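A.B. asks: Listed in order, the protein sequences are those of chains A and B. This note's numbering puts the first residue of the first sequence at 25, with every later residue one more than the last. This note's numbering puts the first residue of the second sequence at -17, with every later residue one more than the last.
Incorrect hints may appear among the rest.
[To be verified] Each pair of labels, with its calculated beta carbon distance range: (1) A:F557 with B:P160: 43 to 51 Å; (2) B:L24 with A:A90: 47 to 55 Å; (3) B:E87 with A:A234: 20 to 28 Å; (4) A:A90 with B:G118: 18 to 26 Å.
[To be verified] Partial list, computed: chain B residues near chain A (C-beta under 7 Å): (5) I44; (6) M125; (7) I126; (8) E127.
Hints listed in this document are in silico derivations from the structure and should not be mistaken for laboratory results. On a predicted model such as this, the values are computed, not experimentally measured, just so you know. Where a beta carbon is used, it is the ideal one built from N, C-alpha and C, also for glycine.
The lines below spell out each chain.
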Amino acid sequence: MSAVFDASQPPFDRLTEAEIEFLQNAVDVEYFPPGATVAAAGQPCANLHVVLKGAIEERDGDEVVAILGPRDAFDSRAVVQGTMTRSFLAREESLIYQLPRDAVMTLVGKNDRFGAYFYLDISRKLDEIVRADEEARFGTLMRTHVRDLFIHPAHFIDSKDTIEAAGHKMRDINSNALFVRDGARVGVITGMNLSKAVVLKRMSIDEAVAPVTNYDVVTIAPDDFVFSALIAMTKHNKRRLAVKEGERWVGILEDIDVLSFLAGNSQLTAGRIDRASGIADLAVAAADVNEQVRRLRRQGVKADVISEIVSDLNRRLFTRTFEFTAHQDLRERACLVVMGSEGRGEQTLRTDQDNGLILSESVPETMLQEFRDSFTQALESFGFEPCPGGVMVKNPLWSRPLADYVADFRSWIALPQPESHMNVAIFYDAAAVAGRAELLHEAKTALIEMVRGERAYLAHFARAVDAFPSPIGFFRNIITTEGAGDALDLKKGGTFPIVHGVRSLALEHGLHETHTVARIARLVELNVLKAEFGRELTQAFQYLMSMRLDSALSKTPGTSSLTKPAELSSMDRELLRDAFGVVKQFREIIRRHFNLGVF
Amino acid sequence: MIPRWAKRLFHQVSIGDQSYRFMFEKGPPDEFVAIDCETTGLDRKKDEIITIAAVKIRGDRILTSERFVRLARPESAMAADAIKVHHLRQADVEAGERLYDVWPEFLHFVGGRPLVGYFLEFDVAMIDRNVLRFIGIELPNPMIEVSELYYERKYGDAPPGTECDLTFRAILKDLGLPTLSQHDAFNDALMTAMMFVALRDLKRRGVRIERKRDGPRVDLAH
Chain A
25 MSAVFDASQP
35 PFDRLTEAEI
45 EFLQNAVDVE
55 YFPPGATVAA
65 AGQPCANLHV
75 VLKGAIEERD
85 GDEVVAILGP
95 RDAFDSRAVV
105 QGTMTRSFLA
115 REESLIYQLP
125 RDAVMTLVGK
135 NDRFGAYFYL
145 DISRKLDEIV
155 RADEEARFGT
165 LMRTHVRDLF
175 IHPAHFIDSK
185 DTIEAAGHKM
195 RDINSNALFV
205 RDGARVGVIT
215 GMNLSKAVVL
225 KRMSIDEAVA
235 PVTNYDVVTI
245 APDDFVFSAL
255 IAMTKHNKRR
265 LAVKEGERWV
275 GILEDIDVLS
285 FLAGNSQLTA
295 GRIDRASGIA
305 DLAVAAADVN
315 EQVRRLRRQG
325 VKADVISEIV
335 SDLNRRLFTR
345 TFEFTAHQDL
355 RERACLVVMG
365 SEGRGEQTLR
375 TDQDNGLILS
385 ESVPETMLQE
395 FRDSFTQALE
405 SFGFEPCPGG
415 VMVKNPLWSR
425 PLADYVADFR
435 SWIALPQPES
445 HMNVAIFYDA
455 AAVAGRAELL
465 HEAKTALIEM
475 VRGERAYLAH
485 FARAVDAFPS
495 PIGFFRNIIT
505 TEGAGDALDL
515 KKGGTFPIVH
525 GVRSLALEHG
535 LHETHTVARI
545 ARLVELNVLK
555 AEFGRELTQA
565 FQYLMSMRLD
575 SALSKTPGTS
585 SLTKPAELSS
595 MDRELLRDAF
605 GVVKQFREII
615 RRHFNLGVF
Chain B
-17 MIPRWAKRLF
-7 HQVSIGDQSY
3 RFMFEKGPPD
13 EFVAIDCETT
23 GLDRKKDEII
33 TIAAVKIRGD
43 RILTSERFVR
53 LARPESAMAA
63 DAIKVHHLRQ
73 ADVEAGERLY
83 DVWPEFLHFV
93 GGRPLVGYFL
103 EFDVAMIDRN
113 VLRFIGIELP
123 NPMIEVSELY
133 YERKYGDAPP
143 GTECDLTFRA
153 ILKDLGLPTL
163 SQHDAFNDAL
173 MTAMMFVALR
183 DLKRRGVRIE
193 RKRDGPRVDL
203 AH
């Protein structure tokens, strides 16, 4: 059969051969002279229009909001809703494919991926699915199965059971919906159905549930994709779907659970941590933290906001773990700290542990060892990798009395070895998460006092900003030396010099802030950095952090800070160049400030 | 040669099968049928129709959803030339219906509507030979030749001696119409229908097609 209509363009490329044939037999072609109305706002929507030739003006009232050209389809929203909300006028001689709305809706009902184009449009997600990179963006939504979501387990009552019995059952199982068996039929009854029956229909609570049961049940299989569930809910206007595997009723999927999956619900995870009654509960919540990062990022939440949320969740996790694993006597004599990026609150995806314990005085060794073991074991069960440098509570060097730490500071500063610089850097970034926070404050004050005025030491410390070469060459070219020579390391060339340069200036000025961005703000207040440059540095830092997060989310672990410029959009490459330009400038400032030329 | 109007009158009276009287009645207002045939060759006496396609036009709307496309088996073997042009092999054509079965359906589809075509006279001659044989009439429908509409819009006011290009391709180009794969009876009928609605609109609005030494004008997408 001859093809009238070019079905290779989205969303028609999702149709099967038979469905395309069906459409080919339903399509007409209409000619519109300049100025003619193709479809008017307020009129019933009779067709989905696709421009074959010419140009169409989309108008909202008198205002032209878009010009549509060949292959553009309009108006998918009107097709679903039945009424045109915008007017469409021919701007020049135009030929338009007219796909009857009935035919389109038939296909929407048959083909979920095709339907997704129309339904997701309404929730403003259409644009993303139409783009060529739909897999990348919608990957999780496309690949996650219904069985991966929370499903309320199936509980049955009989259609002859009373409204009262149904109500009690719902309370007992803590669910708002039950399956109702009526011979071979299966229906669903909800708390709302019960309330309406009693309040609005004035039924007695002794009556059977049968008349208020909804037998028009929309089912979905555990193997179906989450987006199919979303579409089914939208299409059938249902808040619940019955999950059915073959002949077996698995349970009920509620819209709120689909939405919380889509939205990323960090409050939910926080609540789970707070309500945990033991380490096992915490492990479940911990597993959710990394998934939150993906969800939040998918929603376009900025990397700095994500690290704030994740740091908060991780700190709650540590606080609770400390409560569960530390003896009361220990808790009263210790401060649990997180260090490094965790301490700065710049953690996004979970890295390795960086934590320690500061004691106010010596405690019995057995009690301390018991805590070290159980705390370490708990963190490992949450999936925190041990720190390769041994900066962990488990290591006696990082779980000891305050006085011992202060004694060590002296040797770290007197003998500036790379390792001692690292220790200072890690400790200076520490943040208290549980126990007596004043112990950390005291330790840091001691550290700050010791380096005050020690220009030579501070210069030594700051030198690490030059540890890695800048990836910016002549003419602002990005130099790629990492990976297979086509990648660059965002951490070495970008975030590390910023973090460390800022840390050096902060230490010199005795700041107690740990966030890099907060330190920059304080340094601007103290006139160490110019306000203008402080802003640029903050932006560059946040941009590089979000790039790191994106590449970490999309790539294999271990290569998380590598990015391949060739894979970036031209806008991202431009921004990356700008960010590295700022980093280069900042290194210059640090070099001059600490007079690093002498080395 | 007997004029068409005289034949029309004669057939109206002499029609063998009275059930085809509707062919002589006026079709629905503002409706047309664009047609195209693919044939085994260009000899209207000896060659046969291989495929026949027709599409209705209602006002400015081309009713591709109500198209008529039939493969018909020619009684004589296909000329090798025709195979080259239409890419239809003998085997494809044998899968088609016999012409005898095709004509009643075709006549019912067309009814009294005016026919629209490019080089329509040839198509009608080929059809007439068959229809006359089976039903005892020739097509009585009014005929609209798109190349004439095009000539009028482009060369109607041209000084004598102007060189005219009335090829199918030239018309498509001037009107800025998409070129569907050609020598497929349905695509040709569809493109002819597009030419018709576009040319009719130009005439309605009094817009002429510009003549230039080289290159098209009054593009649909100017």
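A.B. asks: So, for every hint listed, does it hold in this structure?
C.D. replies: Okay, the hints, checked on the actual structure:
no.	hint	result
1	A:F557 with B:P160: 43 to 51 Å	violated (57 Å)
2	B:L24 with A:A90: 47 to 55 Å	holds (49 Å)
3	B:E87 with A:A234: 20 to 28 Å	violated (55 Å)
4	A:A90 with B:G118: 18 to 26 Å	violated (57 Å)
5	I44	holds (4 Å)
6	M125	violated (21 Å)
7	I126	violated (16 Å)
8	E127	violated (19 Å)
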